[in-house]
Amino acid sequence: MTRAAAPAPGRPLWRTLALWMLPILLFLMVASLMLSMKTLREVADSAYDRSLRGAIRAIDLRISTESGGLGVELPYPLFESFQATAEGEVLFRVSTDDGLVQIGDALLPAPPPLTVGQVVFYDAIYFNRPIRVGAYMRPLDPPLYGAVGQNLIIEIAETTESREAFLRTVISRTMLRDLAALLAAALLLAVGVHAGLRPLRALRDRLDLRASDDLRQMDPAGLPREVQPLVRSVNRLVDRHRIQGEAQRRYIEDASHQLKTPLAVLRAQIDRGLQLNDPEALHGVLRAMREITDRSSHLTSQLLALALARNSALWSGSAAEEVDLSALLDGVVRLHLPSARKRRIVLEVDAPADAGAVHATEALLFEAVSNLLQNAITASPAGGVIVMSVQNDAEQTVIAVRDEGPGVSDDLLRRLDQGLRFNLPRTRPSWSASTGLGLAIVQEIMATMGGRLVLANRAPGGLLASLHLPKKHAGLKAG
Amino acid sequence: MRLLLVEDDQDLAEWLAQSLVGRGFQVDWAEDGRSAEHRIAAEDYDLILLDLGLPLMTGAELLARLKAGGNETPLLVMTARDSLAQRVALLRDGADDFMGKPFAIEELEMRIHALIRRSHGRARGVYACGPLSFDQAGQRFTLAGDVLALSPREHAVLRLLIQKLGDPLSKQQIIDRLVSMESDMNPEAVEVIVHRLRKRLAQAPVQIVTLRGIGYLLEHDEGAA
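Chain order of the listed sequences is A and B.
Residue numbering for the first sequence follows our numbering, beginning at 1 and increasing consecutively.
Residue numbering for the second sequence follows our numbering, beginning at 1001 and increasing consecutively.
Bear in mind the hints are in silico, worked out from the structure with no lab data behind them.
There's no promise every hint is true.
Listed next, the in silico BS3-like pairs over lysine-lysine satisfying Cα-Cα at most 25 Å (straight line) [claimed, not checked]: (1) A/342 - B/1199; (2) B/1171 - B/1199; (3) B/1164 - A/342; (4) A/342 - B/1101; (5) A/260 - B/1101.
Partial list, derived from the structure: chain A residues whose beta carbon lies under 8 Å from chain B [claimed, not checked]: (6) 297; (7) 301; (8) 333; (9) 347; (10) 349.
Ideal placement from N, C-alpha and C gives every residue a C-beta, glycine not left out.
Modelling step: build the complete structure from the supplied sequences, incorporating the hints.
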């Protein structure tokens, strides 16, 4: 049997779900956090930058060149309120683009190339402190010192501590909120799984509380739709066991009937013998008793073999292995050779040198083949030929036993064709025909292997009994 | 002839022993595997009748121990658990014969005699099949008392067959066993040898039976004897 991958260990359902969900949730949250950080920074920048822009406008309005030089009247009240809201330092510089005039903090880093009439914001470092700078350039009219095309640059900078602090607050709140959502999801998952499994636990309790012989069907109503197929499967399984149990019970009844009858006969014979005084008559009774004993011992072995086969049907597959057919046939032949040779019956084996293997329980297959050969030997005329053969094709292996005996009755063939199982005869068994029970055993064994027994009378006389074993009956049986 | 009956069921042991004594055997009884082992070690028996389901040491265990210890006393197994596959396994493990319970005492007696005859013959190096016998010491066959003249190859094949009496031998098995002696042996050669042997035995009630797909079997044709 090819073994599938090792079965997954019994991991709790909630953990399976959590292992699926939580990493994905975590990934989504980190991604969204990174995205929102970017957005938040942009929003914060645009808000803070607006006040920088306001300050630039205010300074711009207060620049005068009337005195011939460059004059700036700083908007101190604005600066103060600005400084107060920024919670940091505000720096400014008013200069011309030729660098001849600079008012304010001359040490502010040089601005990037500017476009006339446009306010540009950028980050920079000022004495190891991060700053945000707004810069604006416009033409100076009239220019100073008679220069041509001179531009005026206004730069306002503020330290960024407050905006960083603002960002940190917002982001940590976002993270906290996400984390709380994650925890809530995990909690909901656990609670949900717990609640969702409640019907299953109830089902388990119902099964646990059942008496071991209670093989009634279970009502799937009220169970989640996903669980209902499971319940139906359990029901089918229970049903199979019930049917098998029923057959077992019938079998035991039949068997005890069959076993007790010869005992009753023996008892009657003993009682009769005890009444007799004539030694010759007593001897006759004893001989009759011996015959009954022989028959009933044969019957007992057959009944036990049948019970074993039926039992194996319940546990089929447990002892299945690759059985070498050549070795099996050889064993069967050697077992029956003495009884065959006693009547000068010739046994032959017609099998390819490598007859191959089948997947089966060896003891059972041996029993089945042995029964067919036993029947053939019983049926064969003295000096007859019995041929055992093996044929393989893609789907099945056929083990056949061919004899030159009288064959079987049409009635028996009809019963087999109709798919009827041989069973113990209800009436007193006909002692001479031991084949009935033997075939029942073979049939039972074939049922456990997913194979079938085929009987056919041969045109020149004799019986062809064959076992058809599917190549992959293990799979069929499991289905 | 002295037998050891190893059987734990007292009723069966008693009645069986009575029957066997009535038929001229001397019977000792051991109730379990361990005491049987002691008796076998201490005394000399012609045959052991062994039940399988024994207390203290199962029959199969005892069988294994005896065979491992090199004991050559013929051993007939009696069991009620007559699963056929088990029977084959037992014979493979060294049991000389097998009887399923219940059995007919005549049958048992016949088999006991056959086993003891075989084992005594082997001890003396004599194998017999009806009027045909092979003396290992003298390396010669006699048929009804007359020496049978055979070629070396015929001699070798017939010796294999008589030593494996009742057990068919395939051509390949014959070749395998003779390979040290004959390097150019092939299946056709075996057929030719068997054909010649059959001619030599034509008048005797002993024959070599061909069981196609199984092998050759040497047989005493009792009906014709």
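Item to check | Numbers of the earlier hints that this structure fails to satisfy, in rising order | outcome: Structure breaks no hint.
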